[in-house]
Amino acid sequence: MAKIVVLGAGISGHVAASHLRRKLSREHEVLVVSPNSNYQWIPSNIWVGIGRMSSKQILFPLEPLYKKKHIGYKQAKAVTFHPEGDKTEAKPYVLVEYVVGDKKGQQEKVTYDYLINGTGPKLNFEATEGLNPGTNKTYSVCTYTHADHAWEGLHALIQEMKQGKKTKILIGTGHAKATCQGAAFEYILNVEQELRRHKVRDMAEITWISNEYQLGDFGMDGMLLSYGSMTMKSHEMIEMIFEDRDIKWILGAGVNKIEDGVAHYENLEGEYKTETYDFAMLIPSFSGHGFKAFDKNENDITDKLFKGFMIVDADYTPKPYEEWSVQDWPETYQNPSYKNIFAPGIAFAPPHSISKPRKSKNGTDITPAPPRTGMPSGITAKLVADNIIDTIKNGKESLHHKGSMGNMGAACIASAGYGLTSGSGVSITTYPIVPDYHKYPKTQGRQLGKTFGEIGLAGHWLKLALHYAFIYKAKMRPFWWLIPE
Amino acid sequence: MTQRISKYQRFKMMNPILQFFKFIYLSIKVLIIVAGGHGGTRQVN
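Listed in order, the protein sequences are those of chains A and B. Quick note on full-length UniProt numbering: the first sequence kicks off at 1 and runs consecutively. Quick note on full-length UniProt numbering: the second sequence kicks off at 1 and runs consecutively.
Hints in this document: simulated from the structure, not taken from any laboratory. All values derive from a computational prediction rather than experimental measurement. Treat the hints loosely; a few may be bogus.
[As the list claims (entries may be wrong)] Covered stretches of chain B, as calculated for chain A (at least 3 residues, CB under 8 Å): (1) 3-13; (2) 17-23; (3) 28-36.
From the three backbone atoms N, C-alpha and C, an ideal C-beta is built for every residue, glycine too.
Next comes chain A alone, as it looks inside the complex (with noise of 0.2 Å):
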């Protein structure tokens, strides 16, 4: 009999949790360790954000499905890891604290056989002064409830603009560091869409601001892609979007400092510079949750677990970016130290970052980091479940299930505006999703044909299909397994 143990009910945690409890019979412990009581189905936030869904929709509460389910639940946090337990308890350990209810404040030693770490990203807000949703007319859609207030904030600026005043809006990062740009592409435009509704968008001025060096970076290097019968770069793509839509841009920007109403930040140039608006969404960067690890005779080990993220099977030599290569990034997302501790989703430290490497004159560090949310979390999470599964059903290791994002496709459906015949969506396929620039050198390192674009309203559709097909899954109702991560 094995125990495992899950931490975060995310899209990893919850994708693992489910795959193994379907895999596993009951004699095996499955328990799922997480400080929320709902999951939260993340990429529809932005639609949460703009009004045209409320948070119920996109949201169930996790504890029936466990008990209906048999995954075991509890609702804590995790404090301090202790992979080779401690002087009073053999096994390894995760000490956990309750969050809410009689236990809340208490802590507990949860023992495992096996741990997945899918506790994602902590949001640094604070990496950013005054950067705090809700606050300085700032807002973001990272959870369900920082989007119910976006779109409260979004709400009664329209109302404004319905009296006549000319505002200005400003959506993108909020950190030189910041990931995730594919959430503020698609919050801006389906802005932009919701005030044309609203028929105020000639009230208000739209800036998109980034750490991106170019539009249609992504954190993802950017890309050459087919559109239509046309092969194009993705800034050119997006380029052509903003100009259609009238957005503005700027690019190659670290904000640094947020006051109401001015985002401070520094570019690529060195200069410094501020941005005025009266509603921003700006996304935070992101960084672990700072835990700490213990050995038995407890000495601090973390640098064995952590370096920020989760220590996973990357290769963490520091080389320029010319060195780079697919090979740098993980395949099982084990841990090399304690081969029973996997992390997959945001939860690992990737080697590196998949966009080009850029400093300000000033020395400043502007560049994306890398993105892992969605899709490559649900995937690297079942084949570390899968791998799990083996090896308890063979009783030695097996990590015969591989998934690096060098050799793995991503789709990003990106809403362009809510409507069933109004809405558009910009649906960009990727493969690879870290590019092969030796398998495909002539390409930027990736397939084209298998890395297309495409702009219109069937890419709304898709976007809400999938929204229904992964709720639907992730509720675990009949035969949810055929649905692909």
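Starting from the known structure of chain A, fit chain B onto it as the hints suggest.
This is chain B only, laid out in the frame that chain A set:
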């Protein structure tokens, strides 16, 4: 110079009938790319 979306392109992008077929095409194409498998990169035959 930045490409512009022409009126004809916009018509095609927003026409529900054309987009219905595009939706089917996109769904299949995305499924093939995404579910088409993944693997390692360190052992190249």
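To see whether the hints hold, each was checked on the structure:
1. 3-13: holds (count 5)
2. 17-23: holds (count 4)
3. 28-36: holds (count 7)
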